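There are 2 protein chains.
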Amino acid sequence: MKAVGIVVEYNPFHNGHAYHLEQAKKVAQADIAIAVMSGTFLQRGEPAMVDKWTRTKMALASGVDIVIELPYVYSTAPATDFAKGAISLLSAIRCDAFAFGSEDGSIQPFLNTYQLISQHRTEYNSLIKESVQTGVSYPKSLHYAYEQLSQKFPAPYIDLAQPNNILGFHYIEAAMMLGSKIKPLTIPRIAAGYHDALQEGASIASATGIRKALASTGSLQSVQEVLPDASFHYLQDWILQYKKFASWEAFWPLLQFTLIRHSASELTRYAEVTEGIEHALLKAAKTSNSFSSFMEKIKSKRYTWTRLQRMLTHIYTGFTKEQLKSFQAPSTIRLLGMSTKGQAYLGVHKKDFTLPLISRVASTNDAMLAVDIHAAEVYSSSIELGAQQATLPKDYQMPPIRF
Amino acid sequence: MKAVGIVVEYNPFHNGHAYHLEQAKKVAQADIAIAVMSGTFLQRGEPAMVDKWTRTKMALASGVDIVIELPYVYSTAPATDFAKGAISLLSAIRCDAFAFGSEDGSIQPFLNTYQLISQHRTEYNSLIKESVQTGVSYPKSLHYAYEQLSQKFPAPYIDLAQPNNILGFHYIEAAMMLGSKIKPLTIPRIAAGYHDALQEGASIASATGIRKALASTGSLQSVQEVLPDASFHYLQDWILQYKKFASWEAFWPLLQFTLIRHSASELTRYAEVTEGIEHALLKAAKTSNSFSSFMEKIKSKRYTWTRLQRMLTHIYTGFTKEQLKSFQAPSTIRLLGMSTKGQAYLGVHKKDFTLPLISRVASTNDAMLAVDIHAAEVYSSSIELGAQQATLPKDYQMPPIRF
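Sequence lines, in order, name chains F and G. Under the UniProt record's numbering, the first residue of the first sequence is numbered 1, with each subsequent residue one higher. Under the UniProt record's numbering, the first residue of the second sequence is numbered 1, with each subsequent residue one higher.
Just chain F, with the same shape it has in the complex (with noise of 0.2 Å):
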């Protein structure tokens, strides 16, 4: 049996994920589709709406055969580590190819990049250093290395200003560091761009454009066109039992309380908190009575919005530096869901998975699985809170959603 892999977050999953999902089987004339998600907190550094299992069963119901967990420590990392934490597990599940959205959909330019950066490594390093040093931020400088470098060397190279295209291209730098064989596939995306809002009318959306609407309307039928009905009813379930769906805005006071008892010094201990800005983050702590009013406080040149919700994600699950430095490659496979198709992969290609595949974690005793357990109770409390009686299933006593 032929698999591919796609990267995934599925927050939630929407009509375009399922279009790349079809796709991505066809192009890859896959039989099946595994999906490596995030887990419970995300790469733009915040809670996923609704849990991992949710999610899961939303990705099933539309026709992913595997879904795998990102750990926490890649699925809160910066592109590099996300990448090369989500491209290591599709390899060692033994996917044939992974694909990935594009703006234009053609894979040479990706290798194309590839190549050029990795063969003018000490120049293109050279350059950004040059700019950082002029005071530029720094991925102003990379985007001008970049420029500098492909003038020199003319060829069709991708444009790395698109968020899409930048993933895409630590996916392809992480299958070929690894050495793996996993094929790299491009599909090009369709309608909506990535932080775009909702179009009146059609039947895509981005899954940010989603979420948008849903804080300022605050009715899931405002979102209903761009959603497979599997997902709407996911969702509705949802709020029916836990009333909001997390965000920061969600867990701002837990988010506040958490940051006012700690000293400054003792937020330097999380991963990802620069040296220096602790004393902002608490005299802002200590001034807002929202998520918003305390970003437009913290927010400056210096570090992207997506740089301050991962210092902020660590803060809030207590993940450190100390932590961060002891991982240096996922250890385990951790299944989440899988349909019956799934189910008969698995049943052909264990043998030859490169890591353990974990279904249910209660008797494992692994320190990156530990941290993924950790991370989904800090989630359930806060969603918990203010829902009375509803509690989440234990994320260690789960077992995968059969479907």
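Hints are supplied without guarantee of correctness; some may be wrong.
Identical copies go unnamed one by one, so any copy, or any two together, can satisfy a pair.
[What the hints assert, rightly or not] Think about it this way: if two alpha-carbon atoms lie no more than 25 Å apart in a straight line, the pair counts; the simulated BS3-like pairs of lysine-lysine are:
| id | residue 1 | residue 2 |
| --- | --- | --- |
| 1 | Lys297 | Lys286 |
| 2 | Lys299 | Lys140 |
| 3 | Lys183 | Lys351 |
| 4 | Lys341 | Lys183 |
| 5 | Lys350 | Lys183 |
| 6 | Lys321 | Lys301 |
| 7 | Lys394 | Lys212 |
Because the hints were derived from the structure by calculation, they are not lab data. None of the values given here were measured: they were computed from a predicted structure.
Could you slot chain G onto chain F? The hints should help.
The following block gives chain G in isolation, referenced to the frame of chain F:
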């Protein structure tokens, strides 16, 4: 001017406190009374029902002339250190005497008990050790050793089974160990026992009884008879503004979240968290939906309720073993409020104080004060959760209350 010192929590200030205050001034023939009052977290390991400023107002309105703060480091400590901190401060502010409530109201048995224990310290300690080794709890072993010793050297001694007598004993011990000239006095307690429920028609009730009545009836009117008018009105104002009194039950969602976001090993960093209990704390936090059900799960013969609450206080405020170890003695006298007479006393005697008098902490860089300000911020943030617009005064900006 002659000053008598009293050690108080005023949680809340009630008629029994008014009686004690009046008697203290009379017995000591004092011109003014100085109260050293716990700030935001108290000796039984719980948050004060209203903040230090409101409790200072109650005290001044009912005849206290000067209120100074007992720092967090001492206000949340076991009796020995609690007493040491309080008596150090009353000595530093040059009180001639201090007066505490006791069951029989005569000072000689306290002095006898102190002499007995200090002169037979080695024997006393080995009797305690002997008993603890047979599996008896520490408090019970203390009691056993004391019984043995007092039978061997008969004299009128105090009953150390009474909570007020234990504190009194430690006050005297502290005064003696500090070599302070401050004179110990005791005043017989009237009516209500330490934990007694409110009696119909009685004008005196214990603070514990008052808080219990408030918690069960939810109505301030139920305790109006046992409070001075000023206390009643300050409590009424508080409830109008903040909707609830502080308590572990009210802070439970935040305490639960705080416990859950820690790993077991990280919990042992906090003061008084004995190795081994961290697992029980985490397990109980994950499976309880109220503070009382949580406490039911962690209580055991090994730890008193108070001891458990003190651990939780330190976890909640983030106060570590390392911090605790770094403090040897009070370093400043923090003024919370004063009457006109109190102000006159300060004018005359300030030059003789053995520690600096601090009126505004904003410009002070003292590590022990920093702990108090931090504890007040954690407390305020907990009160403000759910109270929406209402914000408590910022502790570090507050000038002393003038009355």
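Ascending list of hint numbers which this structure does not respect: 7
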